[in-house]
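Number of protein chains: 2
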Amino acid sequence: MTYCVAMRLAEGLVFASDSRTNAGFDQISTFRKMHTFRQAGERELVLLSAGNLATSQSVISLLERRAGTDAPNVLGTSSMFETAELVGQTIREVIQRDNPDGKISNVDFSCSLILGGQIQGEQPRLFNIYPEGNFIEATEETPFFQIGESKYGKPILDRVVSYSTPLDRAYQCALISFDSTMKSNLSVGMPLDVAIYRRDNLQPCFTERVDESSPYFHDLRQQWHEGLRGLFNQLTPPALGPG
Amino acid sequence: MTYCVAMRLAEGLVFASDSRTNAGFDQISTFRKMHTFRQAGERELVLLSAGNLATSQSVISLLERRAGTDAPNVLGTSSMFETAELVGQTIREVIQRDNPDGKISNVDFSCSLILGGQIQGEQPRLFNIYPEGNFIEATEETPFFQIGESKYGKPILDRVVSYSTPLDRAYQCALISFDSTMKSNLSVGMPLDVAIYRRDNLQPCFTERVDESSPYFHDLRQQWHEGLRGLFNQLTPPALGPG
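Protein chains in written order, with full-length UniProt numbering: chain A, 1 to 243; chain B, 1 to 243.
Only chain A is shown next, with the shape it has when bound in the complex:
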């Protein structure tokens, strides 16, 4: 599996993804699930992928190969909306290539993508692109999207993240969301890729690769774990009647 989360906030965009890929428990590898497309001063795009690795790699490869050519491509679109349409079409193209008759198979060819970024003249935007190629856009009321193994890490996002959350706090929350997920599910694993885009910057995101040796993440995990247990123990437990 995979876990990716992205947020569209007043100050900009936050992206985070794990890097564990597994085809069965005995076939585990590390693959980057975060990809960027950029033209400094003009556009900065980030794609996160989950699902079938063959499909998502092909989608990324096709988007990269076509970038800057005469074909419709992610560096030639005039809006984020158009970019999301293009990415959705590319998903459909790859799935059509690999499973042309749409046969029901033991293999799930589907992949989900999150696309975020900014193109000059627009606000930063964030899209959740489904395996069918259609998509939804984040709003102020719903400022984050998750793909992959998303349930373990959702409660803390629901509690903490709103459109007005500052970028550094949003990054902190994403790390805690990953910590909860990795504690409960083996199929999501380090290292993590993080990208932070500051609104209207139109320059490369701040990026970071977080692994076991990252002192900040190490301390955060420990403080969060101990803090949670402390908070838990400090609340009054329920009274148990007879029985």
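I should point out that these hints are in silico values taken from the structure, not numbers from a laboratory.
All clues given are correct.
Here are some of the chain A residues that sit facing chain B, going by a computed Cβ distance under 8 Å:
(1) Arg159
(2) Val160
(3) Ser180
(4) Ser184
(5) Ile196
(6) Leu220
(7) Trp224
(8) Gly227
(9) Leu228
(10) Phe232
(11) Pro238
Glycine included, each C-beta is placed from N, C-alpha and C at the ideal position.
Dock chain B against the given chain A, drawing on the hints supplied.
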């Protein structure tokens, strides 16, 4: 969906279940998912159910109808292990009745059960019974089982619950686990049924129905939510480099 959790701890057993059943979003009802079978001084059994409601209701009905008769029944077994076998057989019997040829269908006939309790002469025991009728038993290393919509509420259990957790703290943790689940997933809903069994008591569990008006749960949710946000804000956020 459904969410149920049960724990086997040094002091005894804790059970909790929600009561929301849905067949589509426009068909939501409240059904109790916790059922008890008892003979005071001799045995106390609790069953939690998730999955197809027709299947789980039939399983419970058959177990109830046969209880105390000459047929193999949950009041006549000589061990919790034998009781788990009997419940597993009853699941197979009902699924065989409703889908005799094992046809692949749009309907998922399966149900999962958690069985816990104590029979005189044995320790308290806890079983997770799969739709196929086979089962696993909780150990000191793995003191809790969840069925249904289990992922949202798993991180807090992983962090807090161990075999030595006192019953009242375990109950508190179960409530927080439900709170996280209900905040993130509409298909799990109040009221909650809780049962606490104290080891070697062999008398009816302490039971409670927790709903929106329960002052303890109301305060716990609020204190936990505010405490979590306070803890979050008190930790140092990560430094963001240029970008």
